[in-house]
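Novice: Protein chains in written order, with the numbering used here: chain A, 13 to 343; chain B, 374 to 650.
Hints are supplied without guarantee of correctness; some may be wrong.
Covered by chain B, per the in silico footprint, the following chain A stretches (three or more residues, Cβ under 8 Å) [unchecked claim]:
no. : region
1   : 85-98
2   : 252-259
Which stretches of chain B does chain A cover? Using the computed rule of at least three CB atoms under 8 Å from a CB of chain A, they are [to be verified]:
no. : region
3   : 379-390
4   : 603-614
5   : 617-623
6   : 633-647
List of simulated lysine-lysine pairs, DSS-like, C-alpha gap at most 27 Å [to be verified]:
no. : chain 1 : residue 1 : chain 2 : residue 2
7   : B       : Lys-486   : B       : Lys-545
8   : B       : Lys-416   : B       : Lys-569
9   : B       : Lys-388   : A       : Lys-89
10  : B       : Lys-401   : A       : Lys-89
Bear in mind the hints are in silico, worked out from the structure with no lab data behind them.
Ideal Cβ placement from N, Cα and C applies to all residues, glycine included.
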Amino acid sequence: MNLFLSKEDLIRWLDALLRQRVLVAPVRVQGLILLQPVSKVAEVTLDFGNTTLSPKGWFLPPMETLFSVQSNDGQQKLVPTTIEKDAVIFGLRPCDARGIALIDRPLLREPSDALYRERRARTSLIGLSCRQAQPECFCTSMGSAPNDPSHVDILLTEIDNGYILQVITEKGRALLSESFAEYKGTLPKPPEPGAVPTKEVVPAVKKLFDDPYWERLADRCLHCNICAYVCPTCYCFDVRDYSDKGSVERIRGWDSCQSPGFSRIAGGYNPRVTKGARLRQRFAHKLLYFPERFKDVACVGCGRCVRSCPVNIDIREVLRDLQQLEVKSGS
Amino acid sequence: MGLENPFVPYLATLKSVVELTPDIKLLKVELLDPAVRAGFDYKPGQFALLSAFGQGEAPFGIVSLPQHRDGLEFAVRRIGTVTAAIHELEPGDILGVRGPFGNHFPLEDYVGKNIVIIGGGIGMAPLRPVINQILEHRNDYGKLLIINGARTPQDLVFAPEFQAWMEAPRTKLELTVDRGDEQWRGRVALVPNVVKEVAPSPDNAIAITCGPPIMIRYTLAVLKELGFRDSQIITTLEAKMKCGLGKCARCNVGDKYICQDGPVFTFEQISQFLEQP
Chain A
13 MNLFLSKEDL IRWLDALLRQ RVLVAPVRVQ GLILLQPVSK VAEVTLDFGN
63 TTLSPKGWFL PPMETLFSVQ SNDGQQKLVP TTIEKDAVIF GLRPCDARGI
113 ALIDRPLLRE PSDALYRERR ARTSLIGLSC RQAQPECFCT SMGSAPNDPS
163 HVDILLTEID NGYILQVITE KGRALLSESF AEYKGTLPKP PEPGAVPTKE
213 VVPAVKKLFD DPYWERLADR CLHCNICAYV CPTCYCFDVR DYSDKGSVER
263 IRGWDSCQSP GFSRIAGGYN PRVTKGARLR QRFAHKLLYF PERFKDVACV
313 GCGRCVRSCP VNIDIREVLR DLQQLEVKSG S
Chain B
374 MGLENPFVPY LATLKSVVEL TPDIKLLKVE LLDPAVRAGF DYKPGQFALL
424 SAFGQGEAPF GIVSLPQHRD GLEFAVRRIG TVTAAIHELE PGDILGVRGP
474 FGNHFPLEDY VGKNIVIIGG GIGMAPLRPV INQILEHRND YGKLLIINGA
524 RTPQDLVFAP EFQAWMEAPR TKLELTVDRG DEQWRGRVAL VPNVVKEVAP
574 SPDNAIAITC GPPIMIRYTL AVLKELGFRD SQIITTLEAK MKCGLGKCAR
624 CNVGDKYICQ DGPVFTFEQI SQFLEQP
């Protein structure tokens with residue numbers, strides 16, 4: 013049964029949620045749309061294409077303490093970070109919810125990543141269907157859709173006078189504290205994002221692995237890492253120790269395979285010295301290695317890397333290039 | 374939370390340190406918690422991540438044998454930030470251990486075979502437990518040939534054990550250095566050339582090699598000339614690692630995660646990697 017929420021209902025409901033748990037929602041900050049905890053509903057913006065950064069950072073923060081080392085009377089003790097609070101993310105897009113479901117596969121596989129697992133368990137997801145596709149969007153080519161309910165607990169779809177609310181999971185049902193009116197109408201037709209070749213290019217990556225294409229493509233790459241930073245499915249991380257005034261913490265932070273030192277081992281040997289090899293790693297991991305291990309391509313078609321890349325390296329073009337190169341090389 | 378976090382190491386104490394070479398130390402560490410100690414089972418070829426708290430964590434092969442139940446041994450070459458910090462530790466100091474991780478040398482599959490061990494420099498570290506395991510079960514295996522090279526005589530890592538290796542039945546130890554010194558009476562030759570000269574037979578044999586990439590490359594060529602097939606040649610790969618759990622993706626080479634699919638591979642497997650490690 014679908015429910016109907018007026019705009020006032022939505023505000024009242026969010027306000028009720030905010031009193032029970034951390035409410036993470038889209039906020040306009042200096043021209044960016046960021047998902048962040050809010051202290052009042054008025055901070056929330058509903059007028060956005062997609063958030064500037066994906067919601068992955070709520071579960072796998074850009075930087076976090078894994079544990080701290082405490083010393084008492086010469087005895088050392090390791091104190092792991094714990095997750096104490098329940099949260100709800102409001103307003104994430106269906107493509108980004110799929111991104112979380114994808115990185116669940118490596119991170120929740122046993123032995124599971126404890127902090128990620130706890131945040132996942134304690135966070136509910138309220139998705140917001142897209143009314144419009146952005147020019148860089150291609151979610152429907154990547155197994156999602158502007159109104160895909162698959163990976164959220166509740167999905168809201170905006171209509172002219174309010175929102176249609178679909179309860180997807182039990183976790184979602186638990187978020188409804190008051191009863192809303194039933195919505196008897198039909199759901200609006202979703203927008204149509206662009207299309208790119210996807211699954212069919214997987215064999216091409218393998219076949220064209222040693223093709224000069226990658227070096228040519230990477231020639232203009234600045235290895236600025238923005239693609240990994242904004243990507244909802246890039247989950248590579250670095251682990252380092254930080255010590256200051258006698259306190260020691262082990263920190264985990266986002267990393268990117270585009271950094272020259274990403275694979276360099278002590279002593280200097282680096283199996284991936286060229287920019288081409290590194291850029292190939294980005295695409296091969298998403299289009300080939302991830303599907304081999306975890307079934308699906310590790311891209312959700314959110315278009316953030318396309319929007320963000322300062323030198324216009326465009327995954328949609330890469331997918332088309334690979335398809336054409338494969339045809340040319342004969343299969 | 375109260376749930377086990379696989380990023381939190383076991384605490385251990387450094388029991389003893391032996392200076393094996395000017396830049397390699399043998400560390401014996403003992404896990405503090407007796408229950409953890411009792412449950413820490415591993416096989417030759419597996420590795421653990423050692424923490425020097427405040428400096429970080431890095432992966433090292435476990436060079437002791439599990440049945441000895443006398444602490445975990447690691448041969449650590451001072452080469453970066455973490456290893457420098459580990460070298461600073463003194464007996465009694467606390468460090469962290471996570472593991473054991475990875476696959477192992479499938480010695481159970483090599484029963485009855487002749488074994489050729491070819492190691493260069495710190496590459497001997499993961500081969501040491503293989504040698505010692507074979508020597509402890511000497512009758513299970515055929516001939517054992519060990520070819521061990523280093524830059525100089527001082528850099529031969531497990532010198533204190535050479536006597537025992539040489540005296541073991543059906544075992545031959547060939548030592549070689551790139552540059553000799555006044556006392557050195559042995560070979561001055563590169564490892565691949567020694568392999569060529571000693572020319573072990575590929576019949577019913579397994580070659581296990583570890584060392585610098587350049588040594589591996591030429592050794593591989595020599596072994597193939599001698600008739601070894603890729604499936605008979607085994608190595609253990611070194612890779613940047615941050616988690617050991619198949620998550621951080623640092624050690625991802627081609628479609629393999631060295632920390633979980635490896636670090637031990639046959640060259641038959643490696644030749645099929647999309648990307649060369």
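Novice: Does each hint fit the structure? Answer for all of them.
Specialist: Each hint tested on the structure:
1. 85-98: holds (count 5)
2. 252-259: holds (count 3)
3. 379-390: holds (count 5)
4. 603-614: It holds, with 3 qualifying residues against the three required.
5. 617-623: It holds: at least three residues are needed, and the region 617-623 of chain B offers 6 whose Cβ sits within less than 8 Å of chain A.
6. 633-647: violated (count 1)
7. B/Lys-486 x B/Lys-545: holds, 15 Å
8. B/Lys-416 x B/Lys-569: Given pair B/Lys-416, B/Lys-569 is violated - Cα atoms ~30 Å apart, limit 27 Å.
9. B/Lys-388 x A/Lys-89: holds, 19 Å
10. B/Lys-401 x A/Lys-89: holds, 21 Å
Hint compliance for this structure: hints 6, 8 are not met, and every other hint is.
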